[in-house]
Amino acid sequence: MSTDLVKLARAADYAARQHIAQRRKGEQAEPYVNHLIEVAALLAEATAGEDVVLLMGGLLHDLTGGYRVGLVVAVAFVALASTPFWTVPALRHFR
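Per our numbering, the sequence shown runs over residues 915 to 1009.
No wet-lab data here; the hints were simulated from the structure.
Computed from a predicted structure; not experimentally measured.
Yeah, the Cβ is synthetic: ideal placement off N, Cα and C, and Gly gets one too.
Be careful, since some hints might not be right.
What the hints assert, rightly or not - Per label pair, the in silico range of CB-to-CB distance:
1. Leu-977 / Lys-939: 12 to 20 Å
2. Asp-927 / Glu-964: 17 to 25 Å
3. Leu-919 / Asn-948: 17 to 25 Å
4. Ala-960 / Val-920: 19 to 27 Å
When you get a sec, could you build the whole thing from the sequences and use the hints?
Here it is in structure tokens:
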């Protein structure tokens, strides 16, 4: 198993454990971790899955709570990642 896959799995596990009691708003009230996985999947599609640090950022972006802080965390992961942030559709307006 590749080191990147292990890192991604650990980030997903940690995010799931931190959000275990949270549910999404709405009728379905699905587990909150679904949102984190969706964000990571969108980032993977946008970057062809070539930047594991960016994908980890997608999984961990809500750990600190609040939209603004979560956005700062996500942008910090992008800064550490090798993917230029303007190539990620959700972050293009920060260019």
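* Asked: Honestly, which of those hints from before does the structure not fit?
  -> Violated: none.
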